[in-house]
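Novice: Protein sequences, first through last, are from chains A and B. Letter by letter, the first sequence follows residues 600 to 860 in the working numbering. Letter by letter, the second sequence follows residues 138 to 471 in the working numbering.
Among these hints, one or two may not hold up.
[To be verified] Listed below are the simulated BS3-like cross-link pairs for lysine-lysine, each with C-alpha atoms no more than 25 Å apart in a straight line: (1) B/Lys295 with A/Lys695; (2) B/Lys217 with B/Lys169; (3) B/Lys220 with A/Lys860; (4) B/Lys297 with A/Lys626; (5) A/Lys852 with B/Lys220; (6) B/Lys386 with A/Lys852; (7) B/Lys297 with A/Lys860; (8) A/Lys860 with B/Lys347; (9) A/Lys695 with B/Lys347; (10) A/Lys626 with A/Lys695; (11) A/Lys695 with B/Lys217; (12) B/Lys170 with B/Lys306; (13) B/Lys347 with B/Lys375; (14) B/Lys386 with A/Lys860; (15) A/Lys626 with B/Lys220; (16) B/Lys295 with B/Lys169.
If you are wondering where the hints come from, they were derived from the structure by calculation, not from laboratory data. Remember, predicted model here, so these are calculated numbers, not experimental data.
Below are the chains, spelled out letter by letter.
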Amino acid sequence: MTSSRPYPSLASRLGSVWYRHFRTYTKDLVSNGFPPFMEPLIFLAGMGLGMAQYIPGLAGMSYLQFLATGLVMTSSMFTAAFECTYGTFVRLEFDKTYDGMLAAPLTVRDVMLGEALWAGTKGAFFSLAVLIIISAFGLVNFAAALLTPIVGFLTGFLFAAIGLLVTSFVTNMNHFNFFFTGLLSPMFMFCGTIFPISNLPPSLRVVAEFLPLTHPVRMGRVAAMASGWEASLLLDLAYTIGVAVLIMAFAVKRLERRIVK
Amino acid sequence: MRPIDHIHARPLIFTRPGGYVRGMPAYAIEVKKIYKTYADGTPAVKDVSFDVPEGSCFGFLGPNGAGKTTLMKMLYGMVKRDKRGDTRASVLGFDPATDELAIKHLCGVVPQDNNLDNEVDVGANLYIYSKFYGLPAREARSRIAELLDFMELKEKSKAKVNDLSGGMKRRLVIARALMNRPRLLILDEPTTGLDPQVRQLIWDKVRGLKREGVTVLLTTHYMEEAYQIADTIVIMDKGERVLEGNPRKLLAEGIESWVLEVLDEDAMSAFGEGPLSPGVRREGGDSRAQFFSEHPEALREIAARLPSGAAHIRPTNLEDLFLRSTGRQLNDEQ
Chain A
600 MTSSRPYPSL ASRLGSVWYR HFRTYTKDLV SNGFPPFMEP LIFLAGMGLG
650 MAQYIPGLAG MSYLQFLATG LVMTSSMFTA AFECTYGTFV RLEFDKTYDG
700 MLAAPLTVRD VMLGEALWAG TKGAFFSLAV LIIISAFGLV NFAAALLTPI
750 VGFLTGFLFA AIGLLVTSFV TNMNHFNFFF TGLLSPMFMF CGTIFPISNL
800 PPSLRVVAEF LPLTHPVRMG RVAAMASGWE ASLLLDLAYT IGVAVLIMAF
850 AVKRLERRIV K
Chain B
138 MRPIDHIHAR PLIFTRPGGY VRGMPAYAIE VKKIYKTYAD GTPAVKDVSF
188 DVPEGSCFGF LGPNGAGKTT LMKMLYGMVK RDKRGDTRAS VLGFDPATDE
238 LAIKHLCGVV PQDNNLDNEV DVGANLYIYS KFYGLPAREA RSRIAELLDF
288 MELKEKSKAK VNDLSGGMKR RLVIARALMN RPRLLILDEP TTGLDPQVRQ
338 LIWDKVRGLK REGVTVLLTT HYMEEAYQIA DTIVIMDKGE RVLEGNPRKL
388 LAEGIESWVL EVLDEDAMSA FGEGPLSPGV RREGGDSRAQ FFSEHPEALR
438 EIAARLPSGA AHIRPTNLED LFLRSTGRQL NDEQ
């Protein structure tokens, strides 16, 4: 089959887009690598030294452990969401990066899928960074928690897809405020990161189950603690992958129409 | 259509309805009755047909908004042409509507904007691009060295993109387009805004590529550029093809050989509507009057009736032909 195709394979095309982002991101590794390590450090130092001692443990762990293992996935969420909103928008409208890439043998689908795979990779990297910090605090056992970056990848991919869909509607960069303040910040609060969703009133608990961050956080906490495995995690996995694929397909359709006039 | 409008010497080769023979076409590009209407209803390209023989250079001239870029983008799938039964388009034997990837693999495109990766250096820009074509690392490295040499950027391999001059950035974008040894090179305003030295260098390189058998498609609004490198020019206006032919021939047949220009408004109002000898055509108002003729003596007669120094006589050029074909009024996009 490959002999009749006069252009690179899908895997090669996606890999090349991923590589483009890898090269431009790692060019400034020190400044780009600073936030994923520093942010959890500040958060945990503040909470650990201050607040956590007033809060009793829950679900078989200390509150600091609960919080730390929640931050693993919010970190993946934020980096992927930023990459595929502001980052994508700048490449699309200001830098005209896609005009250059689409002159090579790549389709809009290749470019966007490669972008989401890259955002997933960043998600994995960011969750790994948090994992390193919280295991240095002695909150988790690093060696037992190595499934975490895989969940980080899925989380990154999911929020990349959502980010791309949002971007497909946005014509003015300020509109991303609605997405970040209107959706991501509430999710950070109410999706089981800083307190269990079982503490929510029943009606809001149902809402939380529909929100996309709830499921990665649940999986991420189990992966990081390396305990608490249960069959219902498969539902969280199915939600994460299913919704990511669905939204990605929709986002690509819309971006195709926006880029190829 | 004028009599000098180039005639499509050879018919399109169809083997099945709506399709073309794959493989080696006699023409690098065959386009018949292509149209583009944007979503907002703007007709950008209307009923354009042309055939580009392999190894030749076609230059599309026209004011901004004439549809040149839209036409180029339709050829590599960045703009979707209108769906019509009578439209045919083939680029290197492939239809842009269905074989976008094959076409882009065989073509090099220099877009109007220099969309380079500012984060990384010159060499990395090219290396990243080589991956889009699936070039193995070793082959990519030797190709990059070759291209930097060819575009005279060898010393700049480690330079940051932001430190390059406009001309260097443009040369880098051209080098990038040549990565996969394209059979067809699409240049969308390759030298707009560059200084004369860089323009000459780029024209030299394009002529060199043409000698190697690369087909070149060019859009420009520099008459000189079209004259320098195009074998055939197509003048477009408001989405339509106005004229097509060899630039020297078009000039010989499309407009008088000589023009007398008067840029002195007072001299012209004194001259008034004055009678003209036969074979002299007047254009423009008092602020920029032009008299065209095949006979310089007839123009010298007019010059003699004007104050000395108010007029000068020169041979006509492509710009005169261009303005005659596309009109002097500015359009919405200019």
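Novice: Please go over all the hints and tell whether each is borne out by the structure.
Specialist: Structure-based check of all given hints:
1. Taking the CA atoms of B/Lys295 and A/Lys695, the gap is about 23 Å. The hint holds against a cut of 25 Å.
2. For a cut-off of 25 Å, the pair hint linking B/Lys217 to B/Lys169 stands: about 15 Å separates their Cα positions.
3. Restraint check for B/Lys220 and A/Lys860: satisfied, since their Cα atoms lie roughly 13 Å apart, inside the 25 Å limit.
4. Restraint check for B/Lys297 and A/Lys626: the C-alpha separation of about 12 Å stays at or below 25 Å, so the hint holds.
5. Distance hint between A/Lys852 and B/Lys220 is fulfilled; the C-alpha atoms sit about 19 Å from each other, no more than 25 Å.
6. With a C-alpha separation of about 48 Å, the suggested pair B/Lys386 and A/Lys852 falls outside the 25 Å cut-off, and the hint is violated.
7. A distance of roughly 33 Å separates the Cα atoms of B/Lys297 and A/Lys860; the hinted pair therefore is violated under the 25 Å criterion.
8. Distance restraint check for A/Lys860 and B/Lys347: the Cα-Cα separation of roughly 31 Å exceeds the 25 Å cut-off, and the hinted pair is therefore not satisfied.
9. A C-alpha spacing of about 29 Å is found between A/Lys695 and B/Lys347, which places the hinted pair above 25 Å, so the restraint is violated.
10. A C-alpha spacing of about 20 Å is found between A/Lys626 and A/Lys695, which places the hinted pair at or below 25 Å, so the restraint holds.
11. With a C-alpha separation of about 19 Å, the suggested pairing of A/Lys695 with B/Lys217 holds against the 25 Å cut-off.
12. Proposed proximity of B/Lys170 and B/Lys306 is contradicted: the alpha carbons are some 36 Å apart, above 25 Å.
13. Among the hinted pairs, B/Lys347 with B/Lys375 is inconsistent with the structure: their alpha-carbon atoms are about 29 Å apart, more than 25 Å.
14. As the CA atoms of B/Lys386 and A/Lys860 are separated by approximately 36 Å, the hinted pair breaks the 25 Å bound.
15. Among the hinted pairs, A/Lys626 with B/Lys220 is inconsistent with the structure: their alpha-carbon atoms are about 44 Å apart, more than 25 Å.
16. About 45 Å separates the Cα atoms of B/Lys295 and B/Lys169, which puts this hinted pair outside 25 Å; it is violated.
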